[in-house]
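So the sequences go chain by chain: A and B. Residue numbers are given in my numbering: position 299 of the first sequence equals residue 299, and the series is strictly consecutive. Residue numbers are given in my numbering: position 67 of the second sequence equals residue 67, and the series is strictly consecutive.
In short, the hints are calculated from the structure, not lab data. Hints may contain errors.
Covered stretches of chain A (chain B as the covering partner; in silico rule of three or more C-beta atoms under 8 angstroms from a C-beta of chain B) [claimed, not checked]:
1) 110-119
2) 153-163
3) 216-229
4) 236-244
Just the calculated beta-carbon pair ranges, DEER-fashion [what the hints assert, rightly or not]:
5) B:Gln-102 / A:Gly-271: 41 to 51 angstroms
6) A:Thr-255 / B:Ala-81: 55 to 65 angstroms
7) A:Ser-202 / B:Ala-75: 54 to 64 angstroms
8) A:Ser-239 / B:Ala-81: 50 to 60 angstroms
9) B:Asp-47 / A:Asn-187: 54 to 64 angstroms
10) B:Ala-75 / A:Pro-119: 20 to 30 angstroms
11) B:Gln-248 / A:Val-249: 48 to 58 angstroms
12) A:Arg-69 / B:Ser-78: 33 to 43 angstroms
Since this is a predicted model, take the numbers as computed values, not measurements. Yeah, the Cβ is synthetic: ideal placement off N, Cα and C, and Gly gets one too.
The primary structure of each chain is shown beneath.
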Amino acid sequence: MRTPSDSDSALVGKGLHWRRALWLLTLGSLLIAPFLLTSAAQTQTGCPGESALFHPCAVARAKTFRPPRTVDGRPNMQGFWRGPASGTENVEEHPMTDDDNGGKSLIVDPADGKIPYQPWAAALQKENRAKYVEPNVPCFPSGVPRSMYVPTQIEILQSPVSVLILFERAHTYRIIPTSVRPHVGANIGLWMGDSRGRWEGSTLVVDVTNHSAKTWFDQVGNFHSTDAHMVERFTLVDSDTIHYQVNIVDPTVYTRPWTMAFPLRRNKEKGFRLLEEACHEGERNTDPLIRAGQRIYPGVAEKK
Amino acid sequence: MSASSLVGVLFAGTLLATSVSPTRVTGQTASPAGVYSPPRTAFGQPDLQGVWQVVNTAAWDVQDHSGQRFPGLPARFSVPAGQGVVEGNEIPYQPWALARKQENHNSRLTADPEARCYLPGVPRITYMPYPFQIFQFPDRVVILYEYLHATREIYTDGSRHPDIPVEFWLGDSRGRWEGNTLVVDVTLFTGETWFDRAGNFHSTDLHVVERYTRTGRDHMLYEVTIEDPKVFTRPWKIRMPLYRRQEQNVQLLEFECYAYAREGPDADAK
Chain A
1 MRTPSDSDSA LVGKGLHWRR ALWLLTLGSL LIAPFLLTSA AQTQTGCPGE SALFHPCAVA
61 RAKTFRPPRT VDGRPNMQGF WRGPASGTEN VEEHPMTDDD NGGKSLIVDP ADGKIPYQPW
121 AAALQKENRA KYVEPNVPCF PSGVPRSMYV PTQIEILQSP VSVLILFERA HTYRIIPTSV
181 RPHVGANIGL WMGDSRGRWE GSTLVVDVTN HSAKTWFDQV GNFHSTDAHM VERFTLVDSD
241 TIHYQVNIVD PTVYTRPWTM AFPLRRNKEK GFRLLEEACH EGERNTDPLI RAGQRIYPGV
301 AEKK
Chain B
1 MSASSLVGVL FAGTLLATSV SPTRVTGQTA SPAGVYSPPR TAFGQPDLQG VWQVVNTAAW
61 DVQDHSGQRF PGLPARFSVP AGQGVVEGNE IPYQPWALAR KQENHNSRLT ADPEARCYLP
121 GVPRITYMPY PFQIFQFPDR VVILYEYLHA TREIYTDGSR HPDIPVEFWL GDSRGRWEGN
181 TLVVDVTLFT GETWFDRAGN FHSTDLHVVE RYTRTGRDHM LYEVTIEDPK VFTRPWKIRM
241 PLYRRQEQNV QLLEFECYAY AREGPDADAK
């Protein structure tokens, strides 16, 4: 996959020895390859990865799986995780090409796996990729939900009053308070949105509003507006798999609500830690795109 | 590469947290703030959690400075006069380095890494004029910064700096508890960050020791020892209070510097 911002720019950090560091990590991974193979074998006994198959399987598993608990009694989701990297190419089904690895749709509702755009919005999506710099190229925050499947590592930490999600990608983070408090004022737009969490049984439910809407779902310009209201559901369905669902309501852009669902798989590499991805500091791809006539994506505001 | 160094490389690459060199922490005297007894977390550590921010002019200049026009900026964005945060006010530059600091100062409008929205290093990120939030876990302290959504994971599990040639804009942080104080040893810096907008700088040999000590319900003392034998003639110290943000609804929002750089008619190329 050729994704300048998602791979190359991390390697060209000016003054950083990233190539060296990643080379060391690659060498290091040879040592732990047997463990990775073991975990892959275990994963195959779990739910399959393809969203259309994973989602019903995970719903069924969640009914019987008893998750490990934190000291304060919440399902323990702490650790390192990865979402399906194909989503950042295109959340809908897409073929393997020179640029993409290809993948199935992450969308489980509607059943056809397509984003239910209004006609004007479907037309705009087709223009986006030609007109604008893909917002991840300049290392902008990936937003929600893209951060959950951007092809780098995710770390979840839980405290009694909040859940933190740290993303290696451009060192972004989400702070999800799980105490009751209202969202920030409606006129505050945030690249990562404003998250409020609550526990429903063994599921962490996160309400996300206040989107800047300057992010895309993927590299092909799939988008939402500042009107978007997302509800995410995180449920452990086995000790190494989180069933992640996000329902997206945005009457400015879509004809109906729609839902993505996919697995977050645990990274069990011993001693693994997030590294600083100084993405912007090494990024050299945006200026050539702007010189070639592309513009910075301005976002789509809610239609009042 | 010898067999033993190859093993070392593999080990370090796999377990980045592990190192074969001792953690470098210079001697520290007890803080005068040690009299306050802070509340404890559920797992028994002094509780430093919350949203904190400085109230000073160190972001402009860590030393004493007059109010002045900042070259290239409208008058309303001038530098406010300020009392410095450097102990004794002197930064003990070597002669060549003092000349370099002056060059930095003269070209600060564009030469400051902050002008390009780069991660500002440690301790500078602490006294940027934006809040940050501290979270504690049994094996680490996590500090999340509003500025550039920067993240620090400070491991307090006894692990050491990785012994590999890697550089981080925010360095590699390892912490430990000394009484009521969180002591953080930070190394493996790039040589590309500055201490302030006045051109104070360091090299890749920078070694920072931070000390965070609660001095009251809403106050914390932040003390830093700065060593860099390539640039300074001796270690030097800064200190300042951190203030707990009092707003009932306070939360970190965002300051996406490099996104703003691309916005509007003034958009600048990098």
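Status of each hint after checking the structure:
1. 110-119: Coverage by chain B is violated for the segment 110-119 of chain A (0 residues, Cβ < 8 angstroms).
2. 153-163: holds (count 4)
3. 216-229: violated (count 0)
4. 236-244: violated (count 0)
5. B:Gln-102 / A:Gly-271: 41 to 51 angstroms: holds, 45 angstroms
6. A:Thr-255 / B:Ala-81: 55 to 65 angstroms: holds, 59 angstroms
7. A:Ser-202 / B:Ala-75: 54 to 64 angstroms: holds, 58 angstroms
8. A:Ser-239 / B:Ala-81: 50 to 60 angstroms: The hinted range 50 to 60 angstroms holds for Ser-239 of chain A and Ala-81 of chain B, with Cβ atoms some 59 angstroms apart.
9. B:Asp-47 / A:Asn-187: 54 to 64 angstroms: violated, 34 angstroms
10. B:Ala-75 / A:Pro-119: 20 to 30 angstroms: violated, 51 angstroms
11. B:Gln-248 / A:Val-249: 48 to 58 angstroms: With Cβ atoms ~29 angstroms apart, the hint is violated.
12. A:Arg-69 / B:Ser-78: 33 to 43 angstroms: violated, 55 angstroms
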